Each structure stands twice: as C-alpha cells, then as structure tokens.
Amino acid sequence: MTAPILELRGVNKSFGPIDVLFDISLTVRAGEVLCLLGDNGAGKSTLIKILSGVYQPTSGQILMDGQPTSFPNPRAASDKGIATVHQFGGTFPLMSIGRSFFVGVEPARGWGPFKRYDRKTANAVAVKAVRDFGITRIDDGDRLVGGLSGGERQSLAIARAVHFGARVLILDEPTAALGVKQATHVLRIVNEAKRRGLAVVFITHQVMHAMAVGDHFAVLIRGAVAADFKKGEKTREEITDLMAGGASMSSLEAEIEGYMASHGGHPPPPAH
Amino acid sequence: MNLSALIRRPETGSLISLIAVILFYVVFGGVDLVKLMGAASWLNLAANLGIVALPLGLLMIAGEIDISIGAMIPAGSMTVAILSGHYGLPIEIGILGALALGLCVGLVNGVIATRTTVPTLIITLGTLMAVQGIILSSAMLLTGNASVSITPPDWAKTALGLMIAGKYQVVIWWWLGLAAIFFWVLHVSPVGNWIYAMGGDQTSARNAGIPTNRLKIALFMLSSTAAAFVGICGAIQFNSAQVSGGMGYIFNAVCSVVVGGVLLTGGFGSIPGIFLGTITFAIVSQGIYFTQIDRNWANLIIGITLLLAVAMNEYFRKLALSAGTRKKGGKA
Amino acid sequence: MSDSQSNSQGGAGLGQLMRRPEAGSLVGLIAVYIFFAAMGGANFLGAPGISSFLNMSSEVGIIALAVGLLMIAGQLDLSVGSVVPASSLTVSLLAGDFGMPDAVAILGGLGVGLAIGLVNGILVSQTRIPSLIITIGTMFGVMGLTLGLTVLIHGSTGVFLVPGPAAKAIFGQLVGNMFQVSILWWGVFIVAVYWLLHVSPVGNWIFALGGDRESARNAGIPTDRVTIGLYMLSGFAAAFVGVSQVMTFNAAQVAAGQTFIFNSIMCVVIGGVLLTGGSGSVLGIVLGTLTFCIVNQGIFFSGLDPNYGSIIIGALLLIAVMTNDKFRAMALALAAGRKK
Chain A
486 MTAPILELRG
496 VNKSFGPIDV
506 LFDISLTVRA
516 GEVLCLLGDN
526 GAGKSTLIKI
536 LSGVYQPTSG
546 QILMDGQPTS
556 FPNPRAASDK
566 GIATVHQFGG
576 TFPLMSIGRS
586 FFVGVEPARG
596 WGPFKRYDRK
606 TANAVAVKAV
616 RDFGITRIDD
626 GDRLVGGLSG
636 GERQSLAIAR
646 AVHFGARVLI
656 LDEPTAALGV
666 KQATHVLRIV
676 NEAKRRGLAV
686 VFITHQVMHA
696 MAVGDHFAVL
706 IRGAVAADFK
716 KGEKTREEIT
726 DLMAGGASMS
736 SLEAEIEGYM
746 ASHGGHPPPP
756 AH
Chain B
14 MNLSALIRRP
24 ETGSLISLIA
34 VILFYVVFGG
44 VDLVKLMGAA
54 SWLNLAANLG
64 IVALPLGLLM
74 IAGEIDISIG
84 AMIPAGSMTV
94 AILSGHYGLP
104 IEIGILGALA
114 LGLCVGLVNG
124 VIATRTTVPT
134 LIITLGTLMA
144 VQGIILSSAM
154 LLTGNASVSI
164 TPPDWAKTAL
174 GLMIAGKYQV
184 VIWWWLGLAA
194 IFFWVLHVSP
204 VGNWIYAMGG
214 DQTSARNAGI
224 PTNRLKIALF
234 MLSSTAAAFV
244 GICGAIQFNS
254 AQVSGGMGYI
264 FNAVCSVVVG
274 GVLLTGGFGS
284 IPGIFLGTIT
294 FAIVSQGIYF
304 TQIDRNWANL
314 IIGITLLLAV
324 AMNEYFRKLA
334 LSAGTRKKGG
344 KA
Chain C
108 MSDSQSNSQG
118 GAGLGQLMRR
128 PEAGSLVGLI
138 AVYIFFAAMG
148 GANFLGAPGI
158 SSFLNMSSEV
168 GIIALAVGLL
178 MIAGQLDLSV
188 GSVVPASSLT
198 VSLLAGDFGM
208 PDAVAILGGL
218 GVGLAIGLVN
228 GILVSQTRIP
238 SLIITIGTMF
248 GVMGLTLGLT
258 VLIHGSTGVF
268 LVPGPAAKAI
278 FGQLVGNMFQ
288 VSILWWGVFI
298 VAVYWLLHVS
308 PVGNWIFALG
318 GDRESARNAG
328 IPTDRVTIGL
338 YMLSGFAAAF
348 VGVSQVMTFN
358 AAQVAAGQTF
368 IFNSIMCVVI
378 GGVLLTGGSG
388 SVLGIVLGTL
398 TFCIVNQGIF
408 FSGLDPNYGS
418 IIIGALLLIA
428 VMTNDKFRAM
438 ALALAAGRKK
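In order, the protein sequence lines correspond to chains A, B and C. Our numbering runs 485 ahead of the 1-based position in the first sequence. Our numbering runs 13 ahead of the 1-based position in the second sequence. Our numbering runs 107 ahead of the 1-based position in the third sequence.
One thing to keep in mind: the hints can contain errors.
[To be verified] Derived lysine-lysine pairs resembling DSSO-like cross-links, with alpha carbons at most 30 Å apart:
no.: 1; chain 1: A; residue 1: Lys534; chain 2: C; residue 2: Lys433
no.: 2; chain 1: A; residue 1: Lys716; chain 2: A; residue 2: Lys679
no.: 3; chain 1: A; residue 1: Lys565; chain 2: A; residue 2: Lys605
no.: 4; chain 1: A; residue 1: Lys605; chain 2: A; residue 2: Lys534
no.: 5; chain 1: A; residue 1: Lys666; chain 2: B; residue 2: Lys331
no.: 6; chain 1: B; residue 1: Lys331; chain 2: A; residue 2: Lys605
no.: 7; chain 1: B; residue 1: Lys180; chain 2: B; residue 2: Lys48
no.: 8; chain 1: A; residue 1: Lys613; chain 2: B; residue 2: Lys331
no.: 9; chain 1: A; residue 1: Lys565; chain 2: A; residue 2: Lys600
The set of hints was computed from the structure by calculation and includes no laboratory data. Quick caveat, the model's predicted, so the values are computed rather than measured.
Given these sequences and hints, build the entire structure.
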C-alpha cells in the first residue's frame, strides 16, 4: 500500500465554546477513494473547509506526504494540490467553458500590461480535458457553463482540478442534486480520477453512491469519526444504521425502501 | 458565425434595441436618418454618459453598483473650478485634485464594500449624500457661491473642452478612446476574466486565486474617477461649475448599461453592448427632437425601451444557456 | 423574524428593547435630536421645529412604510418618485380641467397609484428582471406619461387647483397653522402597516418572501399575489402623498417627487431594514424616518450651513448600515454556534 498523501491526526475544531469536530484522524492515499459519510450537521462541511484551507483546525495536525503542513487559506491548499469541487461545480453559469476553466490562471499571449487572454488555447485545452474524461458531448469551448447538465458541470470542475495538477480531489456532495443517470456519470468520472492516481475524498450522505466508488469509508457522527472501515467490511444496512446513529432497523428499512423508490427502484451499479 | 454563437453575445440584444429605436423614430417620427446620424446633440450626450457608463458597466458585470457617480460629476467640476478658478492654481493642479477626489471616493466605496456585506447600492447611496453635502458646503464655505467660474488655459480647453466644428464636444474622442481601453481590459486582457468570474460567483473566484477585494476597490476607484473626469470636462468647456446636476446621470447610466445587455446581478455583459446601450439611450432622449413626436414623451419612450430591452436581453440569455445543447440533457 | 414575535406579545423591558433591531435606530434618533436641540434651541424644540420635521416625516414616512415592506420582501420601488406627481396631477386635471367632483378626482389619483403598482407587481413577479430595473423603467414611463398628458390636456407643466372645503379639510388643512393633517394620516398608515407586518399572518409571508422566495413559494405562500399587493400598496402610498400635496399646496407640478426615491430608501435603511430582505420592523422604519427628517429640517434651525445636512445624512446612513451589518454578523454567529 502506498503512503498516504494527506493525513489528519487528532484534529479538533471549535467555534468559541462549541466543539464541531472532535479528534478526527483520517488518511487519504493516491489512487484511493475515501468516502466521508454522515448525516446533515455531522460536521462534514467543517471538515471539508479544514481540508481546503477555509478553516484552521483548533488543534491537531495535517500531514502531507508525511510532513506536517498547514493551509492558512484556500489558495495555499490549492497550491499544494488540494482541489475542492462543490455541489454545483463552483463554476460560473454565464461564463464560457474556456473562460471558466481558466479562471485565475488565464493563458495569455503578449507581455506586461499588454497580455492578451488566449481564447483559442483556453477553449482547446478545456474541451480536450473534459473529453479525456469521457464527456464527449462537449465540443465547443465558447458554450456557456450554465447550458451544461449538472453532471457535465461536475465533470468539468473535476477535469479542471485534475488539469491543474490536483493530487487530492475533495468532492462535496457531487451527486446530491443529480438524477440517477447524471449521478452515474459523475461516479464514472470519480473512478477515472482514481485510475489516474488521484486521492479522492468523496463526501456524501448517499450510501449507494459511496459504495459504488469507495475504497475506504469513514462515518462522521456529531463531529467524531464513528467508524472507519474498508470496502466490503460492512454491508449497506450496517452503514446506514451507523449514519443514523442507531435508529431502529425497521424505520431504517422504510427509509431505504423510500430511497430505492425515489431512484426508480434500481439499486446502484455494483462496485468493481 | 452561427446563430447560437451570435445569441451568446451580450451585445446582440442591444444592437437590436438600437435598430428598433431608430426604426421607430424613422417610421413614426419621420426622422431624416442622415440628419439624425450626424447630429451632435445625441453624440455629445452619449460621450458624457458613456464615459461614466463604461466603468459602471464593469462594476455591474462584477456584481456591484455605484450610484455615487451622481455626486462625483458636480464634485469633479466644482473641485477643478474651486482650485483653478477661485484660488487661481494652475489647471494641472485643479485637474489632478479633482481626479484625486474621485480616487478617494472610489477608495472609500470600495473599502466599505469589501469590508462589509452591505449592498453597494446602499453604500454608494450613503457616499452620494455625503459627497453632495461636502461639495455643497465647501463651495459655500470657500467661495460663498453655488456656482464658480473658471478660465482654463488654451491647452486645457483644447484637450478637454473643445467644440469641434462648433458643435461636437472633444469628449467624444475621449469616450471612443476609453471604450477601446475598456474593451481591451474586459475582452482581451486576462483581468477581464477575473471581472466576469467575480460577478458570477465571488467565493469561487476568490478561491481560484483572484484578488477580488483589490479588484473591486479598483473598479470603484475607476468609476468615481471617470465621473470626476466628466465633471472636469464640463467645467472646462462651460467655464463654470455648478453644485447641482449629475443626479440624472445615475438612472441614465444604469439604463444605458442595462439596455446594453449587462446583467444587474453580475457575470454577464460586454463593452460593445454598453457602448451600443449608451448610444441607444442618447438617441432615444435626443433623437426625439428630430421627430414630429412631442418631446415631452421622451421619458415614456425611454421607460418602454428599457423594459423591452431588458426583457429581450433576459430572453436571449436564456437562449444562450440552452444554445449548443444538441440533445436534451438533464436539468441545467 | 424574532421581532415580529416579540412585537405581537407587546410590552418590552429596557433590556429586551436594547436587543431588538430597532435599538440602534432609537439611539441614532435620540442622539440626532439632542444634537439639534442643543444647536437649534427653543425654536427647534417648540412648535415650529416639531411641525417642520413632522410635516416632512408624514409625507416621506407614508411612502417609506410601503417601500420598507417591499424591501423586507426583498424588492425595491423607485417608481414612487414619479407616482407622487402623477397622482397629484391626475387629481388636479380631473377636478380642475374636467370639472369632476373632488371625491372622484381623489379616487382617480389613488387609482393611478394602484394601477402603476399593479403593473410593477406583475412585471416583477412574472419576469426574472430585478425590481430595480423594472421600477426605473416604470419611473421613466410614468414620468413621460405625466408630462406628456399634462401638457396635452392643460398646456403647461403646472396645474393650480382650488379644492372643495371637505377635501381640503381631510387631506390638506394645516392644524394650528403649522401641522399638516397628513401627520394624522401617517399615524393611520403606521397602525395599518404595523398590523399588516407584525400582527396579521401576511406579515410572516412578507418576511419569508424576503428571506427565501423559493422556500416561501414551496411553503404555499402566494408569492406572486403578495408581491403584487405590496407594489400596489407602495403605489397607493405614493399616490396618497400626491393627493395630500395637491390638497395642501393647491398646486401640482410635473417635476415634483424625485426626492422621494432616495429619501424613502434612506429612511427605511436608517431604520434597520435589510436591503436584501427578510428583516426589519415598522417601528424601525418610523424611527428611521424621524431621524432622517430631524436632520433634514433641524439643520435650518441650527445656524449651520444647511448643506451639512446631507453630509450628516450620508454619514448616518453609512454608520447605520455598518452597525446593522456588524450586529447581524454577530447574531448569525451566535445562532450558528447555538445550533450545534
């Protein structure tokens, strides 16, 4: 097994008197998908914000490649190869694909104050990067991001992160707002990222989606890691049970039933 | 260029508005097109308005608004008139002083806008009032008069206040030049991308490494300095400055920018669009004098133009978002 | 929304008062009043001073209440500035040039306001265009219509009117030779809008609308009808001020009313209403209006250059919004902390 790219050791986070995260220890390895599971309010988003440099841990350590490090701001985290993709792709609906792909790092020709934004290169690179991820419907870099489907937007954002040398990909509920087909789309992209050797942190409260791509799972409950296990060690029912924090099995079953019903009665594609 | 690419351009709508307005005047007002095109009245208005509308448009693309420009125009002319007219300082000092005032007010607007979550409409409403008061009371205090005269030297008169062929203000050239510079900034230089990104989603833009705070402050400084510049040119051209006036610019400039296809909530728009929007506005309000239509209806026509143009731009934007989708994908 | 609840319970101790969103506006009002009382002396403290700022408050205040409701619901209305002259000219043209009874003319004037409000409301609720732009459009449109029609019908831009004694008494008399009767009408509006926002269930809808339009609609609130209703209210309020102006001054001018646009917004914002919607109170709007008008009128009693007034107002506005901003951030941080 490879050495972990990113590791949290005993991380705590408090806002004033309120403890939000308690003694979190996690590892993320290259070519591995870590699924962070948890109900709403379990502390998932705070944890993401610590990983992406928005918040600093109150105590505890962050290690990258075994070396202690810190992310004083989001820029520092992304400079170290940590890319966060938010639910709606964090993209700009009214910008073209090429322009939004290169926000902040625009390719330019010319020198000094006479630098020109290089639209051709931007469009070509963006379109190629997305198509390499299997989104072949995108062929025109001038198209507006808002015109893409939810899955395509996610894929664009992931492709962007990979293109700019991300080593750790943090995906914040990428499938939450998507239909089944679109979600499958994104899950395929996640697998592709994994195949390319990225470490992926996949945050979700949908157990099905997690089991489809995850190698390693951590369940957060009220700010603490309640369980940490590998693929195949626990069944779906056990995980759902954990996430709900010990609710009665019968009500859980009903919940899962409802989940299946809302997804057209199909179980998710099996993990490979 | 295919249809979908055309529709994606923010200026398409404003070009249609402009043509529609001219057609309306020709068909219903019996306008002599040649006479209208060569008329100085709307060109002069468009130039003065346009110099303010260009930076205001950038701000609006970045998701902000600045209505303090209404006070900055008289403030600019008053400052140059007080410094160079009343106190007899060299005109360079007067001009620099007025521009510096513009930079300061923009700095204040920008700093408050970046440090608080107060909407910039309200912030600049506050500075609008404050600048108005400051300029009024300092004019009264320093000169004892609400109107100050100034006798600019020839070179300043030529550069900023010349009447070409007796009727075209030299400001028209400044407007064209500035439009070219703004075009460069927004559409050619990489900074343009930052402005779009900021208006689209500020947090993501910041996370992508764009210095959003500095950029926002710079844009506010640009808009109030441009307003001060219009004021300076007015003072030099008419040899005097009044404390009042300028309030009309607020709504007129916002109208021009919005007719030009800029989205008030940010993230969408273009310099050619703003340019055409300004011309549309100027032709609606001044072109009416060339028609048989009673000029009292000008405001009605402006209002209707604005609403129709905005509705059309909105519709085009919707089309633009779906343009290029070959098959029906999931929800956008 | 907590203030709506505490308001409906009525009766608040001093400590409770200080925690309410209006506390800041009240402190501002007292500070400003003391300042001008010290500068202006007996004249300001006596009837001349009180009547001057109350007269102004009553007019801008009636509009500010309606505009405030709209802002709490997350919308703006700039067209009020053109509705005021539109209504007063309608009244004077109907009663003067067409010789109709005063009652009909007044109803006509108010009807104009309601109609413009209806147009605004429909445009705002049926399109996705920001209300700022829509109401700038209708503002220009109404301005043009008023000017065009007045010149067409009357031949000039100003119309004189001698109202009947009844109409004059109800809308335009001066009580004690100084106090406009519109002050009483302002009181009526305050009570009515207070009831609407803080007592009736519609108030909750208005807050919900400003907080999150989508959720409000999903919760079954008739968002379109509420929006249209609020615009009709602000059109009506502006028209009412137009009526009382023409009754008070016996004349109507095409160019009047522009100052109401920003003045009403400033009153509302100084009163602690969030421009982005979802928060505010009637008491705050009233306090904000009084503060604004005391500065505006008090300056004439103070012996200071009257132009300092707008500096003070600008500064006041900025201080008000920045302290509100700070308080809100603190309140949200506290709430977020408590939630966990």
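Hint-by-hint comparison with the structure:
1. Proximity of Lys534/A to Lys433/C is assessed by CA-CA distance (about 23 Å); at most 30 Å being required, the pair is judged to hold.
2. For the hint linking Lys716/A to Lys679/A, the alpha-carbon distance of about 15 Å falls within 30 Å, and the restraint holds.
3. About 28 Å separates the Cα atoms of Lys565/A and Lys605/A, which keeps this hinted pair within 30 Å; it holds.
4. Of the pairs offered as hints, the one joining Lys605/A and Lys534/A is violated, with about 35 Å between alpha carbons and a cut-off of 30 Å exceeded.
5. For the proposed pair Lys666/A and Lys331/B, the alpha carbon gap of about 24 Å is at most 30 Å, so the pair holds.
6. Of the pairs offered as hints, the one joining Lys331/B and Lys605/A holds, with about 25 Å between alpha carbons and a cut-off of 30 Å not exceeded.
7. Taking the CA atoms of Lys180/B and Lys48/B, the gap is about 14 Å. The hint holds against a cut of 30 Å.
8. Distance restraint check for Lys613/A and Lys331/B: the Cα-Cα separation of roughly 26 Å lies within the 30 Å cut-off, and the hinted pair is therefore satisfied.
9. In summary, the hint linking Lys565/A to Lys600/A is supported, as the alpha carbons are separated by about 27 Å, within the 30 Å threshold.
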